[in-house]
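Student: Sequence:
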Amino acid sequence: MFILASHTVPSSTQKQRISDYACGIFEQLPSRKGVKKAIKKGTVQLNGQVVETGRWVQPGDVITLVDLEETPPKSYDYVLKVVYEDDYMAVINKPAGVKVSGNQFRTVVNMLPQNVKPSPAPDALKWPKPVHRLDVPTSGLLMIAKTAQTHMNLGQQLEQKTIQKTYHAIVQGTPQEAQGHIREAIEGQVSHSEYTLLQTVRSLQNDTVSLVRLSPHTGRTHQLRIHMAHLGHPIIGDTEYGETGNTLLHKGLFLAATSLELAHPILNTPLNINIDIPHKFKSLLERETRRWDKFKNNEA
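When you line the sequence shown up against my numbering, it's residues 5 to 304, in that order.
Keep in mind the hints are simulated off the structure, nothing from the lab. Among these hints, one or two may not hold up.
[Unchecked claim] Restraint-style ranges between C-beta atoms, simulated for each label pair:
#1 Lys130 - Gln53: 20 to 26 Å
#2 Asp91 - Glu188: 40 to 46 Å
#3 Thr243 - His185: 23 to 29 Å
#4 Gln18 - Thr204: 43 to 49 Å
#5 Gln18 - Pro274: 35 to 41 Å
#6 Val83 - Ile7: 30 to 36 Å
#7 Phe299 - Ile277: 37 to 43 Å
#8 Gln183 - Pro63: 37 to 43 Å
#9 Asn107 - Thr293: 40 to 46 Å
#10 Phe299 - Gln183: 27 to 33 Å
#11 Thr12 - Gln183: 31 to 37 Å
#12 Arg59 - Ala128: 32 to 38 Å
[Claimed, not checked] In silico DMTMM-like links for lysine to aspartate or glutamate, alpha-carbon gap of 25 Å or less:
#13 Lys130 - Asp71
#14 Lys103 - Glu265
#15 Lys45 - Asp65
Just so it is clear, CB atoms sit at the ideal spot from N, CA and C, and this is done for glycine as well.
My request is simple: use the sequences and hints to build the entire structure.
Tutor: Here it is, written out as structure tokens:
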């Protein structure tokens, strides 16, 4: 067992049950359902002890997220694109449609040992571990810890919201404002996203579709997808929050994590990691433009 992340309850905190309080304090557990499952499993602990979901938290209490898993991952043969790697951490480009972890065989966790080199550090993990999560249909940058100190430090940076994440998406329609903030609560939790409009093209099916840059300031489950749908501009390919019958079949979700800005967990130097938007984004914008131009030319 080792500690993945730790949180000290501030002195100003009002009386709450741990199942409510712990929702969102760890990047890996953004929902109440996930928190309750982790408490029952024993991976969320209070002051170093396993607790029940109804336990009250008090100022000064220490809530830890621990790893109890002792079974090594089953090797899944898949070549991941490693965008950055050193002795302490790595960043991979997660493919769309692949779970980060879970009971399935085809997960990032099972792909990592054959794609990421072992760490020579004294506190090297037995196998590399993802530090945060991406939704199954979302592609893009995912941080991987190779040492215990790295996992702890990156977890602290995530909790303190000092890691800047940037996503790109293609959405239906055109947001009214070129830039904006969305502060729609999710599961009763404060949630904040920011968007910037980058490009709009005409579309036969949606009138327009737009490329946007998105920045989540909180880390709720499906936050960007929910917020863009709430704004009236759901992400193309979103079968859960988009308009029924108005999603592209077999094209997946047009949402990708494209940039990370953080402090290196060991060296404490700035680390900026970026990837291009997926090729399918550019193809969709070009295809929508061609179809619109063809239709207008035929109409003329």
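Student: Honestly, which of those hints from before does the structure not fit?
Tutor: none
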